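Chains as they are written, first to last, in this note's numbering: chain C, 1 to 121; chain R, 1001 to 1498.
Rather than coming from a laboratory, the hints here were simulated on the basis of the structure. Everything numeric in this text was worked out from a predicted model, so none of it was measured. Please note that a few of the clues may not be correct.
Claimed, not checked - Partial list, computed: chain R residues near chain C (C-beta under 8 angstroms):
#1 Phe1137
#2 Tyr1151
#3 Ala1155
#4 Arg1160
#5 Arg1161
#6 Leu1164
#7 Ala1166
#8 Tyr1167
#9 Leu1170
#10 Thr1174
#11 Ile1175
#12 Thr1178
#13 Ile1182
#14 Gly1185
#15 Leu1189
Beta carbons: idealized from backbone N, C-alpha and C, even for Gly.
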Amino acid sequence: MTLVREFISHYNYLITIFLMIAGLYIVIASGNMIKKLVGLSLFQTSVYLLYIAPGKIVGGTAPIIDPAFKVYSNPLPHVLILTAIVVGVATLALGLALVVRIHEAYGTIEEDEIFAKDGEI
Amino acid sequence: MKAIEPHLPVLPVLIPLFGALISAFFRRGTMAWGMALVATWGAAAASWLLLAKVLATGQPISYLMGGWAVPWGIEYRVDVLNAFVLMLVTLVGAILMPYARKSVAHEIDQHVQAWFYSMYLLSLTGLLGITVTGDAFNVFVFLEISSLSTYVLIAMGRHRRAVLAAYQYLIVGTIGATFYVIGIGLLYLVTGSLNIADIASRLGSAPPEFSRPILAALAFLTVGVCLKLALFPLHVWLPNAYAYAPSVATVFLAGTATKVAVYLLLRLFFSVFGVAISFKTLPVAQLLLVLSVAAMLIASLSAVFEENAERMLAYSSVAQIGYITLGIALANQSGLTGSIVHLLNHAVMKAALFMALGAVVYRLGAARISDMAGLGRRMPLTMAAFVLTGLGIIGVPGTAGFISKWYLALGALEKGYWPLVFLIVVSSLLAVIYIGRVVEAAYFREPTESNAKTKEPPLSMLVPILALAALTIYLGIDTRVSAEIAASAAKMLLGGLK
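Work out the full structure, taking the sequences as your base and the hints as a guide.
Okay, here's the thing in structure tokens:
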């Protein structure tokens, strides 16, 4: 019973870990370059949850100084993750741009077909 | 000058950052090159002043970004170790810049040359930022600045495989950086701080049995950073990235990017976790030792069988990184000194070798070993520099490479790991073979028809190559600058242990 309760009370971590592993698995297992980027994005997004979820305190409000409130959520993880989101968007955009160039050069975005054309590199 | 002096620690980052912005606006490659030259030399001047200041006082310099106090604001913290790394990164950049103009004009389309310099400066900004900052999350931001601009630099190569190599590096590099953020996130959850020194002191008060999140953080950080520094089984992205990137980008990456990642590993292992934690609770040292030796032998063997000279040198880089991590795994004074001094020595030697190959590409358009037949007579100075620095990679006494290997062997003997000395020698013998293959082609074969009329590269390319070759010899004879700073950095790292 306690085990189940422990599981349920940590559900945010379970979701994070699931997304993390699912994303990483897609990156490794998929041969399609767009799908790889989707997996990479999922993997990066799971980290946002890892930071944000513990920042929330049950019953806490936004960090505004007011005598009526005593408990605040931690705002720092949100700020950090804003930066990480920007980085994630930039990475995805650059990755997609590279895939466009690869498609122009090779006519395909499947890894095995590219290796068949140019030899494994 | 008086007004600027307190802001010295931030200048190596700010100068290339604004240089990158400005050079992006130029249409002509030459103008952007001028900007890149000024910015690189400016950053180099600031870095060397910092190093001189740190050495003179012996105290770390702390700079509070925007005046915010330490655990909350971002702190830039310069001690002997990162001042040394700043110096070596800007040294490679400063010598590379005069070389870059002709090589870039030859290899990159006119209308994107300005972008190339802009990306180069951003990459420099990121690398210097990782080195100088004392904030763990700030490291991630700079890591991504340097990585994203590096992917673009690689994708600008001539062959269509360059884009593929850039894509593969993007996937691996992003996984590495994300692992790093996960590790920092776990540390932040446990300690509530992002300042590296502050994390270290808060971890220090924790009980000797470290909790699972901290061990998980150590594992994530180690794997993430090792992806970036191309430790042996995680090195697959490196040979393609180096082989297909434009020559100037290859020289820059080979000289600096992996070195900064090694610096980060040193910082994490010694300053954050303290060797006591990272080496007793988990068998990190043993793992690192085995992987380093594997890198030294297997990557050298791959280099022996490589036909493309640039890929050959790239595999050699993986092997040389094996030496550096070997010293970290030994974790004693001599071993660490060897690692840190090899950061500089390898940066100088590998930059010189890749520059010489860049000169061959400039004249011949490719750098396969078979193309280099007879070049010893056609490009005598370039190939002489190649041979000299090649001797350095092998570790012949009188060259820089010997100094590093000497300290590493000492470190291994102090630990009683004498078979390691034998393995270092075996790896050096493999280096004799792969460097020897180029020498054989260049000096003992008749020139082919295509390279019978080749001559030396332009003076602006030749002088930097010769300067680095001379530096290889100088660092092998006069170790006052390199080895003594490295020794004091090693002492500081080991002294900070709990």
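Hints violated by the structure (listed by number, smallest first): none
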